[in-house]
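Keeping the supplied structure of chain A fixed, place chain B upon it in accordance with the hints.
Residue numbers (my numbering), protein chains in the order written: chain A, 1 to 296; chain B, 1 to 348.
Derived from the structure by calculation, the hints contain no laboratory data. Careful, some of the hints might be misleading.
Claimed, not checked - Pulled a few chain B residues facing chain A out of the computed Cβ check, cut under 8 Å:
| # | residue |
| --- | --- |
| 1 | N76 |
| 2 | R102 |
| 3 | D103 |
| 4 | R106 |
| 5 | S110 |
| 6 | M111 |
| 7 | K115 |
| 8 | A117 |
| 9 | H121 |
| 10 | Y130 |
| 11 | G131 |
| 12 | F162 |
Glycine is no exception: its CB is placed at the ideal position from the N, C-alpha and C atoms.
Here is how the chains run, residue by residue.
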Amino acid sequence: MDFLSEFPEMGRQDLRDLKKGIDQSFREFSRANGDSIEGFFEPLLHFMVGLEKLMLTIPWPFMILIFAALAWLGSRSLWLVLGTIASFLLIGYLGMWENTMATVAIISVATIVCIGVGIPIGILMARSDRLQTAITPILDVMQTIPSFVYLIPIIMLLGIGKVPGLLAVCVYALPPIVRLTNLGIRLVDKEVLEAADAFGASPRQKLFDVQIPLALPNIFAGVNQTIMMALAMVVIASMIGVKGLGVPVLRAISNQYLALGLMNGLAIVALAIIFDRVSQAYGKRLQKHRQGGHGV
Amino acid sequence: MSEVKVSIKNLYKIFGSNGKAMVQHVENGCSKADLLNDYKHVLGLSNVNIDIPARKIQVIMGLSGSGKSTLIRHLNRLIEPTSGEVLIDGENVLAMSDEQLRDFRRSKMSMVFQKFALLPHRTVLDNVCYGLKVKKLPVPEQHERAQRWIDRVGLTGFEANFPAQLSGGMQQRVGLARALATDAEILLMDEAFSALDPLIRNDMQDILLDLQEELHKTIIFITHDLDEALRIGDNIVILRDGAVIQQGTPQEIVLNPADDYVRDFIKDINRARVLQVSAVMEEGTSSSDLTLDHKMILEDALPMMSDSGVTEATVTRDGAAIGKVTLGDMIGGIARPKGHGQSETTYR
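One chain only, chain A, in its complex shape:
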């Protein structure tokens, strides 16, 4: 009856050897390729550092004006613009300006990277069922695996710093845009696609004139989700050396500084709300043509 009460485990020694073997080979891999991988991400690092520096060099009143202008362009809502200005003024007044700019910089770069990588993957997935079956589980893993787990190989490979932090953010924030691009393109009206075919459109013409424009509302929902998830990763990314609002939050946790934690936490919330409302309002304006009724 031993067999039923005791799980037939792999031997302890074997298990230890297995883990050791995996660790060892990954360590060797990162020793061999770490530098070249770091070199690959070099331009991204420069871009991120440059953006952060630029945002800190621009005098704060202009920076706030720029944010207000972006909010206006995206949403055309006066309330949102006023809210944006008030939030940034308060953030600055409470001494969180520099950290906020650092966070905005990494979020922006992460979003750009996710859009650049995610939309093409989503398009490819929409074109091939086999690719969709292959990629979907990878996306599931990326979204559900505890972030600390994938921080380990990233740190082993790239050490501590901005680039590994960015990578960690992107791993977490990439899936929604891939999923929603794929979904959006698959949901495009078959009749309209048939019409494009009947008029002799090439696959490329179909993609750019029909599929992407019609999938845009969904793709945009993906961008919105990606931004939100990137913001959610700010604190975890600060554990591996990313500057920004996450750093004081971490310090507050380890020292039980309630006020510090709350203020920085709320600053992240304020950023999230602004990004969310502006990008959603922009997404809605993209669909203006769907409204019926006469008159333009």
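The following block gives chain B in isolation, referenced to the frame of chain A:
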């Protein structure tokens, strides 16, 4: 018969994993129901042979599931056949490479869809330009040509609107303008007016007939509505379960329905609108002063007789008398045939 524009030869379409092997069974007389039960394949089209004349309106009619929409999609190869040939101006569409096929769709054939299938994110003008944009014409020329067709279908002033802002009838006019803008010789219309309400449908039929008088395109029009088929068709093909059961002019079909299925179809139509004087004409001459052209439909001829207060008229062809017709003949022609007996009229 005039010049043949589109020729469909021995066309089979069988949906399922192994359609090619099923053609043999269908050729040996396996029915649609048996094919589904015994082999789990769906018979789409079965040995379709149609010669479509140039510059006429060819109607393909059948109830839903009869394969008419499948058939029209074979003409521009939106659907690949299981076997058979589609020749357009003698060229086999099925032998074309992807590149040739795209070129062919851009220049030779355009299509109007039941649910309009307009691009919702583009304005009316841009939608009408679509075929021209695919052809990569310069933008000013696109706009100039599109504008002409927008004016022609009566949408002037709506160029900047989005499709969702227009009524169904107006949207289908955009669809029609889009199809006409490419100057293709062949126009495929897949239940183009079926989604519209009856009054608008009538309007659209008028627009189409009006355009056809001036353009003389080869139009292939799919419908499930016999009144529509009789009204606009120069020739009609009736499909059932993917097979052709009758083809001919509207008058031929009304006078000589091929079987009970067709007879059932035509029993409720307005025969006076289809039958021409020649169909009820008698030998001999009439003393009446009233003359009727042999191609005049009874619906027009009857009021003329009643206006002139006569019960007989002389039938003419190109001005020369070829026979006579009485009020009795006409009423007999209009009367719904009884039971399943053959049509009682003297046909030609």
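*asked:* A closest beta-carbon separation below 8 Å is what the hint needs, so does B:R106 meet it against chain A?
replied: holds (4 Å)
*If you take the shortest Cβ to Cβ gap from B:K115 to chain A, is it below 8 Å?*
The hint holds - B:K115 has a Cβ within 8 Å of chain A, the shortest such distance being about 5 Å.
*Let me know if the C-beta of B:R102 comes in closer than 8 Å to any C-beta of chain A, holds or violated.*
holds (4 Å)
*So, B:M111 near chain A? Judge it on the closest CB pair being under 8 Å.*
Given a least distance of 4 Å, the restraint on B:M111 holds.
*Report holds or violated for the interface hint on B:D103, using the least CB-CB distance to chain A and a cut-off of 8 Å.*
Constraint on B:D103 satisfied, holds at 7 Å.
*Given hint B:N76 near chain A, where the shortest CB pair must fall under 8 Å*: holds (6 Å)
_Interface hint outcome for B:H121 [beta carbon to chain A under 8 Å]_ = Holds, about 5 Å.
_A closest beta-carbon separation below 8 Å is what the hint needs, so does B:Y130 meet it against chain A?_
holds (6 Å)
*asked:* Min Cβ distance, B:S110 to chain A: is it shorter than 8 Å?
replied: holds (7 Å)
*If you take the shortest Cβ to Cβ gap from B:F162 to chain A, is it below 8 Å?*
Holds, because the Cβ-Cβ distance from B:F162 to chain A comes to roughly 4 Å (cut-off 8 Å).
*With a cut-off of 8 Å, does the beta carbon of B:G131 approach a beta carbon of chain A closely enough for the hint to hold?*
holds (5 Å)
*If you take the shortest Cβ to Cβ gap from B:A117 to chain A, is it below 8 Å?*
holds (4 Å)
Comparing the model with each numbered hint stated earlier shows that all of them hold.
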